[in-house]
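Peer 1: Under the numbering used here, residues 1 to 287 are what the sequence shown spells out, in order.
If you are wondering where the hints come from, they were derived from the structure by calculation, not from laboratory data. Heads up, a few of these hints could be off.
What the hints assert, rightly or not - Below, simulated DSBU-like cross-link-like pairs (lysine-lysine); rule was C-alpha separation at most 35 Å, straight line:
#	residue 1	residue 2
1	39	130
2	129	141
3	270	215
4	280	141
5	44	141
6	260	245
7	62	41
8	108	205
9	224	21
10	21	280
11	98	44
12	62	129
13	245	62
14	3	202
15	270	98
16	166	62
17	218	245
18	218	183
19	166	39
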Amino acid sequence: MKKVYNIVDQKILIDTDFDYKMDDAYNSFLECDNNYDVKYKFNKINELENNLFLESKKLHSKNLIQIYDNENGYLRLYLNLSQQEPYGYLKEEKSDNKEYNVYIDLNKNVDVNTFKIFEMIGLESYFCKKNIFILHSSYIKWNDGAILFSGPSGMGKSTQADLWNKYEGCEIINGDRSAITKKDGVWNAYGLPFAGSSRIYKNVKNPIKCVVVLKQAKNNNIRKLSPLEAFKYIYSQTTVNDWNKEYINTIINLIEEFVKEIPIFMLECKPDNTAVQLLKETLRGEV
């Protein structure tokens, strides 16, 4: 079963020798041709190579994922939720390879669908090698550009996106995640096929007009952040593999450049149309 997905202008070939359930979120990202930029080959196994992990140093363990360092690169070990036992792993080379191998034991009580497939390939690591980073944000299209509402979970990103949709007719591209990269001198936001509980995921690219960092408040207030202030907020909401120094350095360099070139605002706001109008008036004079 071979399928090519176009995500952030990267053609990703998923090659499996087994069928898996297709999630509707990925349909708009499917490609018709077989050309690809990177290939992930899924291999069925009956048991894990335990020695492979015993001989490697554990770097990270969180959310049923364990990261090991060996002489050739990183190993991502995946545990199932019910028994918390390993069911598969990714061999991730430190260099920028075009092909990677993923190993999976289908007898380990694991539900294999498109979401699980992409969870196992560590896409954020590949993106980083292509100077792409993922920001925790709600992404809307306004005046042929992207506005990204960012902040911790529960801060009101989806609420502000919904308000702009309701009062300004803006299209919501993704309710929880945006991919960001610079192409031909322009910073662009891309929709992704994963969006948390919002279930809004469209394969759309737009030049970024601004990022709006949100804080809940009883009264509305907005100010433009300095690059130094902006870096702190953007980095804190960016997907970072903190066990990988090269990854961290790349992300730091990308965000430093990004916050110098894109307006970043702090919006303390109420969850109503007055917040929409305040931001709209501010943007008219800035972007």
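Peer 1: Looking back at the numbered hints, which does the structure fail to meet, lowest number first?
Peer 2: Hints 5, 8, 9, 10, 15, 16, 17, 18, 19 not satisfied by this model.
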